[in-house]
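*Asks:* Spelled out from the first residue to the last, the chains are:
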Amino acid sequence: MEKILSIQNLSKKYGNITALDNLSLDIHRGQVFGFLGPNGSGKTTTLGIVLGILGANSGGYEWFEGKYGEYHRRRIGSLLETPNFYAYLNADQNLDIVAHIKKSKNDNIEEILDIVNLKHRRKSKFSTYSLGMKQRLAIASAMIGDPDVYIFDEPTNGLDPEGIAEIRSIILRIASTGKTIFMASHILDEVEKVCSDVAIIKNGKLLATGTVGHILNDIPTIQVKATDMMALENALKNMEGLTDVRRLGDLIECGISPNMKPEEVNRRLQQQNIVLGHLTVKKKRLEEEFLAITNNN
Amino acid sequence: MKALYLLQLEWKKYKNYRLFQVLFIGYLILLPGILWSIVGREFGAGVPFDPVTIYTFPDIWEYMAYFGNWLMFFFLGFVGVLTITNEHSYKTFRQNIISGLTRHDFFMAKVLSILAIILFCTLYFILVGYVVGSYYTRDPQWDEMTEHAGAIANFALVCLAYSVYGLLLGVLVKRTGFALFIYMVAGMFLEKIFRWLIHKNVFDNVSMHFYPFNSVNDLTPWPSPMIRNAVENSGMRLFLTTGEAQITVWIYILLFLAFIYWRIRKGDL
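Chains as they are written, first to last, in the working numbering: chain A, 1 to 297; chain B, 1 to 269.
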């Protein structure tokens with residue numbers, strides 16, 4: 001499958017602070033790729049570098065396997081942090097500038113503004129827009145030229161619940177057309193709802209990457225309880241196939257490897273005269289996985 | 001074609017920008033307005049030049065270049081500053097790059113648009129000089145009309161210099177109000193203070209005249225030779241020759257443009 005973006009060993013420092021540490025990542029055509037990490041983890045820095053507004057200290061990146069040279073960004077629709085437009089121009093005029101930069105001649109500006117629900121305010125100056133309207137105009141701007149690839153950086157930042165729902169539905173609508181999307185977010189729910197793939201980053205380092213399904217399904221956990229919790233905890237810690245044994249209120253939770261079945265855990269505990277009063281199998285949610293991955297690093 | 005694409009882009013950005021409209025209209029009104037405000041006025045016996053020469057051929061070009069120098073310090077200097085600082089304050093420089101413009105193209109768009117504005121301003125300068133000079137000069141001849149027309153080229157160089165100084169301040173300071181303030185203070189006071197209080201007292205040398213704003217001022221000096229002669233007869237050297245001023249200004253323009261290009265190409269946005 002065609003590589004849309006290939007990042008190799010990207011590093012970036014701001015003075016003594018390492019924002020990115022040898023980051024490598026590939027994004028392929030058609031992926032809806034979530035870039036997940038806490039605030040300050042290096043997501044925006046990564047996007048800034050691959051969009052040409054920040055310089056890297058080392059490493060490199062390549063868009064579209066080098067097909068379009070230095071004008072590759074004309075084929076990418078981006079919303080990076082806050083929406084940036086000429087405050088004294090209206091929506092039509094601002095989108096006209098974007099279309100001119102992208103050398104895009106066949107845009108139906110009216111239709112795009114309709115999709116983002118801004119048609120009624122198209123003649124108003126950008127400076128009069130609310131944050132949600134500005135964000136929607138930024139998405140409209142990203143849609144100019146009907147790009148194959150979209151980059152969204154915290155697209156729902158600062159929006160009210162209605163605005164968040166609107167932006168998400170627009171992104172889902174774009175994703176449903178088969179476009180490649182690279183979306184940075186610290187909101188797990190957002191990534192879980194929108195993305196097919198996810199990369200987790202913390203302190204500039206890539207901690208994990210894979211499909212959302214892989215991360216969600218491959219690492220189930222069990223929660224157990226017995227009369228003698230001390231004995232139960234010791235037994236679990238010594239049992240092969242279990243990881244990350246920890247107390248969770250009056251339960252004990254642990255990760256369970258794919259080749260270990262919960263009933264096998266129960267059987268082995270019974271062999272040690274530990275009778276379980278409670279056993280539940282739980283698929284880890286992305287949030288828990290995210291916390292587990294980021295806390296372990 | 002690329003130049004046209006970049007010029008159209010800048011046109012789309014600024015055709016509706018109110019401050020630019022005010023500055024342009026100001027120039028269009030003030031340039032002939034200054035000449036017409038002088039027509040027919042009596043300056044008294046103490047004035048060491050004939051006021052009629054201000055609006056008649058051949059001296060009209062040099063006087064207009066002198067007045068135009070003052071106008072352009074504000075008009076094109078401000079345009080130079082604003083064309084960069086606006087892009088920073090609205091973060092549209094960053095957005096232009098994200099949308100697909102290269103940094104090289106961004107720089108070229110600014111330079112080309114400045115050149116287009118200078119072309120327009122210079123053509124208007126010629127038009128005003130031609131109309132006013134032809135109207136008030138009795139039976140103007142071609143030789144007389146073009147005798148001091150070299151001032152037109154100096155005026156165009158003045159325009160380029162102030163625009164580039166403005167661009168430089170915009171690139172260095174980034175914040176509109178502060179950049180305009182620094183530009184005005186530097187041009188009107190700081191450089192003069194530096195030249196006459198510091199440079200002269202530390203190193204009393206003719207090099208004190210080769211400063212950026214002073215060399216632009218000396219491109220279009222007050223045309224009446226009487227003042228200049230009086231000063232130079234007293235043994236002082238206050239002005240650069242036109243040739244010295246031209247070379248100095250070109251050196252500053254090229255150096256500053258190289259620096260602006262480097263900053264635009266290299267900086268994080």
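Just to be clear, a hint being listed does not mean it is correct.
Taking lysine-lysine pairs in the BS3-like style, the calculated list, with each CA pair at most 27 Å apart, reads [to be verified]:
id, chain 1, residue 1, chain 2, residue 2
1, A, Lys119, B, Lys91
2, A, Lys134, B, Lys174
3, B, Lys15, A, Lys125
4, A, Lys123, B, Lys12
5, A, Lys103, B, Lys200
6, A, Lys125, B, Lys91
7, A, Lys134, B, Lys12
8, A, Lys13, B, Lys2
9, B, Lys266, A, Lys67
10, B, Lys2, A, Lys103
11, A, Lys13, B, Lys266
12, A, Lys125, B, Lys266
13, A, Lys103, B, Lys192
14, A, Lys134, B, Lys91
15, A, Lys134, B, Lys15
16, A, Lys103, B, Lys91
17, B, Lys266, A, Lys205
18, A, Lys119, B, Lys15
19, B, Lys200, A, Lys105
20, A, Lys119, B, Lys12
21, A, Lys123, B, Lys266
22, A, Lys105, B, Lys15
23, A, Lys105, B, Lys12
24, A, Lys105, B, Lys2
25, A, Lys13, B, Lys12
26, A, Lys13, B, Lys174
Computed, partial: chain A to chain B, Cβ under 10 Å [stated by the list, open to error]:
id, residue
27, Leu25
28, Ile76
29, Ser78
30, Val98
31, Ile101
32, Lys102
33, Tyr129
34, Ser141
35, Cys254
36, Gly255
37, Ser257
38, Asn259
39, Met260
It should be emphasised that the hints constitute simulated quantities derived from the structure, not laboratory data. Since the model is a prediction, treat every value here as computed from it, not as a measurement. Every residue gets a Cβ at the ideal spot worked out from N, C-alpha and C, and that includes glycine.
*Asks:* Does the closest beta carbon of chain B sit nearer than 10 Å to the beta carbon of methionine 260/A?
*Replies:* violated (48 Å)
*Asks:* Taken at face value, is the distance from the CA of lysine 67/A to the CA of lysine 266/B at most 27 Å?
*Replies:* At roughly 24 Å apart (the allowed maximum being 27 Å), lysine 67/A and lysine 266/B satisfy the hint.
*Asks:* Run the distance test for lysine 119/A versus lysine 15/B: straight-line Cα separation, threshold 27 Å.
*Replies:* Holds, because 23 Å separates the two Cα atoms, which is no more than 27 Å.
*Asks:* Per the CB criterion, is isoleucine 101/A less than 10 Å away from chain B?
*Replies:* Hint holds; isoleucine 101/A Cβ to chain B Cβ min 4 Å, cut 10 Å.
*Asks:* Can the restraint linking lysine 123/A and lysine 12/B be considered satisfied, given a maximum Cα separation of 27 Å?
*Replies:* Between lysine 123/A and lysine 12/B the Cα gap is close to 15 Å, so the pair holds against 27 Å.
*Asks:* Below or equal to 27 Å on CA atoms is what counts here, so check lysine 103/A against lysine 91/B.
*Replies:* Holds. Lysine 103/A to lysine 91/B sits at ~21 Å (cutoff 27 Å).
*Asks:* Starting from lysine 134/A, check that the Cα of lysine 15/B is at most 27 Å away, please.
*Replies:* Roughly 22 Å separates the two Cα atoms, so the pair holds.
*Asks:* Measuring from the C-beta of serine 141/A to each C-beta in chain B, is the shortest one below 10 Å?
*Replies:* holds (7 Å)
*Asks:* Hinted pair, alpha-carbon criterion (27 Å max): lysine 13/A, lysine 174/B. Please report holds or violated.
*Replies:* This hinted pair holds, its Cα atoms lying about 23 Å apart.
*Asks:* Under the criterion that the straight-line Cα-Cα distance not exceed 27 Å, is the pair lysine 105/A, lysine 12/B satisfied?
*Replies:* holds (15 Å)
*Asks:* The hint names isoleucine 76/A as touching chain B; please verify it with the least Cβ-Cβ distance against 10 Å.
*Replies:* holds (8 Å)
*Asks:* Regarding the pair lysine 200/B and lysine 105/A, is the alpha-carbon distance no greater than 27 Å?
*Replies:* Distance of about 60 Å is beyond 27 Å: violated.
The structure fails hints 5, 8, 12, 13, 19, 21, 25, 27, 33, 35, 36, 37, 38, 39 (numbered hints given earlier, in ascending order).
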